[in-house]
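**Q** Chain by chain, the residues run as shown.
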Amino acid sequence: DVKVTQSSRYLVKRTGEKVFLECVQDMDHENMFWYRQDPGLGLRLIYFSYDVKMKEKGDIPEGYSVSREKKERFSLILESASTNQTSMYLCASSPADRAAAFFGQGTRLTVV
Amino acid sequence: DQQVKQNSPSLSVQEGRISILNCDYTNSMFDYFLWYKKYPAEGPTFLISISSIKDKNEDGRFTVFLNKSAKHLSLHIVPSQPGDSAVYFCAANAGGTSYGKLTFGQGTILTVHP
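If you're matching them up, the sequences are chains A and B in order. What the first sequence shows, in the working numbering, is residues 2 to 113, in sequence order. What the second sequence shows, in the working numbering, is residues 79 to 192, in sequence order.
Since the hints were derived computationally from the structure, they do not count as laboratory data. Cβ atoms here follow ideal geometry from the backbone N, Cα and C, with glycine treated the same way. Zero decoy hints are in this set.
Straight-line distance between alpha carbons at most 27 Å, and here's what the computed BS3-like set of lysine-lysine pairs gives:
#1 K4(A) with K58(A)
#2 K115(B) with K58(A)
#3 K83(B) with K58(A)
#4 K115(B) with K4(A)
#5 K56(A) with K71(A)
Okay, the calculated beta carbon distance ranges per label pair:
#6 K54(A) with T189(B): 42 to 50 Å
#7 Q81(B) with D98(A): 18 to 26 Å
#8 P192(B) with G17(A): 46 to 54 Å
#9 E136(B) with S81(A): 45 to 53 Å
Listing some non-contacts, in silico: residues in chain A with all C-beta distances to chain B over 12 Å:
#10 V13
#11 S68
#12 E73
Next up, chain B with everything else stripped away, as it sits in the complex (with noise of 0.2 Å):
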C-alpha cells in the first residue's frame, strides 16, 4: 500500500525554466511534509519542507505547496539550474508518536538540459 506517490519517474527541463514536481498522499494522518533531493552514490539531502497548517513554503528558488482536500503536494524551482539534476524524493510524518519515521514516495528523475 503505497501512502505517497510520485507518478511521474521522470522529469525533463529546459535550464532557466519551471520544474514542477508532483506528489500525492493517501493518509490522512500526515501533517508533515518534505522533499529531498538525491544525487547518485549520496544520501539524500534535505530540501525544504511544509506544515499541514500552511498551503505555501518558500525558500530561495523552491517552493512548496500543499493542497490538503486533494491531498496533493507539489515542489517547483524556478529557475530551473543543471545542477538541479538530481532524484527528488517527496516524504510525510504523521507526528504525534511516529518519531519522525518518514514515508516516502518512488522519486522522481529531474533532468535540467542546459
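Chain A extracted, bound-state conformation (with noise of 0.2 Å):
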C-alpha cells in the first residue's frame, strides 16, 4: 500500500513564525502535491513538484513556498504565518504516469 506520512497531525503557530509542513512518500511517485481544504471550498493546489527540485506553483501559491530535495520528501513553508493559513493541509503523491493521487492524513494548522 502508498504511504504518505505527515510529519504533523495538529500544529499551532504564532503570526509571523515561519512554519515547515513535511511529508514522505514511500512508493517512489514522481508526483507530490500540497493541497490546502477549507469548508465550502473543496481542495486547492498551493505547490506540486514533478521531479526532484522542480516545482511549479498551484491555484493559490501566495505565502507559501516548497522545497524537494529527495524524491520522497516534499516540504511545505509557510514564509510568515497569517491568520488566514489556518487550515488543514493535505499532502500527496502520484506516479508520473496516473492521476489519482494517495494523500497523507491531512495537518491541522492553526494560526493565532
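Put the two chains together into one complex; each comes in its own frame, and the hints tell you how they fit.
**A** Written out as C-alpha cells, the structure reads:
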C-alpha cells in the first residue's frame, strides 16, 4: 500500500512564524502535491513537484514556498504565518503516468 | 473561477437506498475524473475514476457516470450504508503535461441514516 506520511497531525503557530510542513512518500512516486482544504472551497492546489528540485505553482501559491531535495520528501513552507493560513493541509503523491493521487492524513494548522 | 462544481453541499439518505452525488465541470481539457471520500481528520481516499473515453465505470456498490456533452458526472452508491457517511469530492485532471494535478469540487457531505 502507498503510504504518504505528514510529520504532524496538529500544529499551532503564532502569526509571523516560519512554519515547515513535511511530507514523505514511500512508493517512489514522481509527482507530489500540497493542497489546502477549507469548508465550502474543497481542496485547492498550493504547489506541486514532478521531479526532484522541480516545482510549479498551483492555484494559491501566495505566502507559501516548497522544497523537494529528495524524491520521497516534499516540504511546504509558510514564510510568515498569518491567520488566514489556518487550514487543513494535505500532501499527496502520484506516479508520473497516473492522475490518481494518494493523500496523507493531513495537518490541521492553526495560526494565532 | 470554479472549474469543478458540486452544487449540493449535503445529501441525506436512508440506509439501503441509493445515494446520487453530482458534479459539473467547465474545462473541456479535463479527460479523467475521480471521486474521493474523506472522513473528518483524515486525508481523502481514492474511490473510483473514469476516463473520458467511457461513460460508465463500476466497482462494487459504486458506479460513476460521465456525460461529456453536458460536462456532468455522478456517483451512485447502491445500497447506501451508514459507513458511507463522509465528504465526497469529485476531481478532474487534464492529462498531457498536467503532471497529475487535480482540480477538486467543493465537496458534498453524505449522511446515511440507519
